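**Student:** Take a look at the letters that make up each chain.
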Amino acid sequence: MISTLAYGLTIGGIFYIISIGLSLTFGTMRIVNFAHALVYTVGAYVLMAALRARIGFLLAALVGVAATIPLAWCIERYVIRRLYGQSIDYAIIATYAVLLIGVDATKWIFGATPMPLSDPIGRHVVLAGVSLPVYRLVIIGVALAIFAGLELFFRRTIVGKVVVAGLEDAEAARAIGLSVDRYFSLVFVVGSCLAALGGILYAPITTLHPYMGFHVLLVCFAVVLVGGLGSMRGTFVAAFALGLVMALTGRFWGPAAETMVFAVMAATLVFKPIEV
Amino acid sequence: MGASIRRWLQRLDLVVIAVVFLALVPVLRVQRTTDFIVFCLYVLSFDLVYGHMGRLSFGHMLYLGAGAYGAALCSAHLSASPLVALAASVAIAGGVGLLLGPLVVRTTGACFALINLAFNQVGHFVVLIAAAAYTGGEDGMTAAFARIGPVDLARRNHMFVFALACLLAAVWLVRRLTGSPFGILLRSVKEKEERVRFLGYDTARFKLAAFVLSTSLAGLAGGLSALNYGYVTPSFIDPARNVEVIFAALIGGAGSVYGALVGGVAYMMISNFLPDYVQRWEMFLGLALLFLVFRFRSGIWGWVARRAPSAAVETEVAP
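As given, the protein sequences belong to chains A and B, one line each in that order.
For the first sequence, the working numbering assigns the number 1 to the initial residue and increments by one for each residue that follows.
For the second sequence, the working numbering assigns the number 277 to the initial residue and increments by one for each residue that follows.
Just chain B, with the same shape it has in the complex (with noise of 0.2 Å):
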């Protein structure tokens, strides 16, 4: 009895993601709800580099800065159109980590994590100082958006079905990916990369198609809170916020489409409402990274599957 409903919560589990954000509707209002999904965007792909291959990026703010200064940037420039911005913020976030790429996926470990920090850091100034011009420095920019057809990306109800249309699209992406023989690659990657070379793979085409496919999606969730607020400032791309994103995967469980998903409502919901009483915020977040890196590491999802472990098969939460 339980386990066939637990197999049709699988097979069903875009629509279980949608009625659950639905939910929220309620509880949050439309435009916070939105900022949720789009967060969750965000959280899978940084998940993808770090939760199924194994690189922790202290940098993925940059890649969703890139996305959200490429929407606002074509608005202003070239075309209107939320779509255009869209596939140009995807197209910048991905054309930045081709290129940075090839440079930061043959190192693991810690020099992964700080030469993208780096590389954030980078970014940061190009942004706020460099072409201050082209992006308003430190007060950002405005990004208008024309509709499409009869769809108004301004009113928050279309933005909402938008989003979450973009992150169920993604999700079936990754879920696809991580089961396919490329995702398995990967997990060994992970595990052991020199063995998987041994097999007479090439590790390095692979790692970097995964990157890029992250930042892409981090440049796509970069433009949909582009859409979103209405405004990208330089807060959209601050190496001092990459703590979130990992804070998200960990809470959820990494390695996990769905443990990022929880991981991205959970942290959202901490920093939504937990500020109000908490005075000590970064102490709070330092202590509370703590507790998970010591106590709680396979996240909630991970904590969740092991009480049902049938519902199991998709998540293999391993350290």
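Chain A on its own, in the form it takes in the complex (with noise of 0.2 Å):
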């Protein structure tokens, strides 16, 4: 049981690291971004292919990290700027073909066969009988840590005060004479940066594989959903709560897990609908 539910703190944590992102960008610009599933695989893809350069993983970790920086930018660049003030479902149009034409190149170079990292730590902890792996201690540590640079940005840095401005109400923001917009792209590029982060975390966890975002990508929506719109902390509180959700429901059945996740999301819409 406390392996269990250390495994869904565990997913939870990757969650919100993956989540802010979409919380931010959606919070701002009403905008679903499908890219971000895109540089979610492409960080975990580099990942392997620097760890195959035996460099360890913490540098191959930023490496992955600090590829995805150029593709981020020029996603936001070229497509989300593009079509910024039209009707929303351009842009999910939009942002899903750069995800169609990202894995299907992923497949063209690495090949559609699913791939196992090992455990970068691999040592184990015993936590009250139960032996733990390290790593999963390590990424629950990081969105923590995550969690608590955010805030402080948020709270304490003029660029932090201006997002939340934004997320709470980008017009009235706007009308003070904040340049929303300007933020916004810097803010893209870091949430896509924390995507890939996730990516990476999560890779010695699960397989990789080219369409490893797709069911990720609805599960941190999920989250941002349950958590409330342009919410941080309703993100960091919905992350781990739907990660224990699925960690629970994985130990009994398995294949349900991601819909248990789902059936939260339609419960929290009916009793707290969303208004947009």
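Hints in this document: simulated from the structure, not taken from any laboratory.
Note that this is a predicted model, so its numbers are computed, not measured.
Any given hint could turn out to be false.
DSS-like cross-link-like pairs, simulated, lysine-lysine; straight-line CA separation at most 30 Å [stated by the list, open to error]:
#	chain 1	residue 1	chain 2	residue 2
1	A	Lys272	A	Lys107
2	A	Lys272	B	Lys466
3	B	Lys468	A	Lys107
To give a feel for the contact side, a few chain A residues facing chain B, derived at Cβ under 10 Å [claimed, not checked]:
#	residue
4	Ile31
5	Tyr90
6	Ala97
7	Val103
8	Asp104
9	Ala105
10	Ala222
11	Gly250
12	Phe252
13	Phe262
14	Ala266
15	Val270
Glycine included, every Cβ here is placed at the ideal spot set by N, Cα and C.
Can you join these two chains into the complex? Each is in its own frame, and there are hints to help.
**Tutor:** Here it is as structure tokens:
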């Protein structure tokens, strides 16, 4: 049971790291960025390629995150910004198209066969009589550290405060002369890097395959909805809650784990509807 | 001269559609043409929500799949009559729409798209794993149907005529509907829902009605494809295939009945013949989608309508 809970918190942490970017783009621009799943996939694959070069996990993870910066910047500059202010549907379709292209390119370069990665730490620690991989505890720690860092960023820095203002009411923020849009690309790239980091951290637990982003993206979208649009703390709580839901469901009926997340999402929407 | 021909073409549009599909038969052979017709019906149902009401559903496969499995399950357990099976597929898909609709139609934009997608994922899971004892899981299930009097839908020619009749009826219904005050209301919801509500209309009810109609039509398309193939598989409800219908609606021209038909045929042509020449199909699809979104928003039908202005009475292709 403890190991199930620990697993739930681990994937919760990963969901949180990936969902931040979605929550920010969705909160400020009301855009669903399917390309987020692509960045996540690319991060994990670059990690794998870097690991093959035998440069150590930490350095490989850095390379993976860094590699997605130009990718995210291009997506923002050439796809999303061109569609900003127009019907949201076009942004959904266009980012989905980017995802399709990217996934196919990944398949082209790395092949479609799933690839497992080994645990980079490999050590176990005994906690309350249960042996847990240290790596999973590290993931939880990283998620908490990112949460603390973002809290500081949003509360203590001017840029962070502008972003929060944009999240709460973009129009009002613009009306008092804040150029919300200018900060958007920064927020977008940071969010994408975190998605890549999520992919990198998750890769050793699951296997890599070109379509790995699709499912995770849907779950993370559920996280954003359950947590409440534009609420960073809500996203944090929802990510861990849904991670636990997934782990507990998976313990009793493996294939239903993901579906249960959507059931929770539907229930949340029934009781707390979104009026967009 | 030209104008009067156009007027005649408009009046006889159902005949023109039938003739076009008949003309496709020698090129594609009968069963594939029936497949085209069924897909056109599906695009039509999708476009009712997307083009006319302005809500992009990223999970319409759910309703197609509900119809297909409804027909197959009905033939296995209830009655082998194709008509009962089709009624079941419409009822089940409409029922799913009625169940999810109140939750779904409240939302707009990205939420609408992704909640549909999430439910589609759930439906896929139910068919593939949870109810595998009934649906055959990954293998799918076969569906055998009895004849209706002299009509035997297992024969390809009969199936073709039957599907075409269904499509024409649906075209007539949708055109009738979009031309009515109800259709105007839907288009107003697309433009600015707040103002429609301001005028005193209960928009949630109208949206729900349109949504349920759309899911029922998608269910009909699903039932017809079950009839046409004689089997159903989880690919009928696969969430990854949602992009197909979006692509079709965009390339044809969203918000127009004829656009949906043109888009359905165009997409099926591309997907049937291009993979023989193009190695990287998904990449091609993605690039084509980007092109459609950035450069060719009004689609083929919108492009045609712009070049023949007086024919554009019905085609208000607003982005």
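**Student:** Each hint should be assessed against the structure and marked as holding or not.
**Tutor:** Verification of the hints:
no.	hint	result
1	A/Lys272 - A/Lys107	violated (40 Å)
2	A/Lys272 - B/Lys466	holds (24 Å)
3	B/Lys468 - A/Lys107	violated (42 Å)
4	Ile31	holds (7 Å)
5	Tyr90	holds (5 Å)
6	Ala97	holds (4 Å)
7	Val103	holds (7 Å)
8	Asp104	holds (4 Å)
9	Ala105	holds (7 Å)
10	Ala222	holds (6 Å)
11	Gly250	violated (13 Å)
12	Phe252	violated (13 Å)
13	Phe262	holds (4 Å)
14	Ala266	holds (7 Å)
15	Val270	holds (6 Å)
The structure is inconsistent with the numbered hints 1, 3, 11, 12, although it conforms to all the rest.
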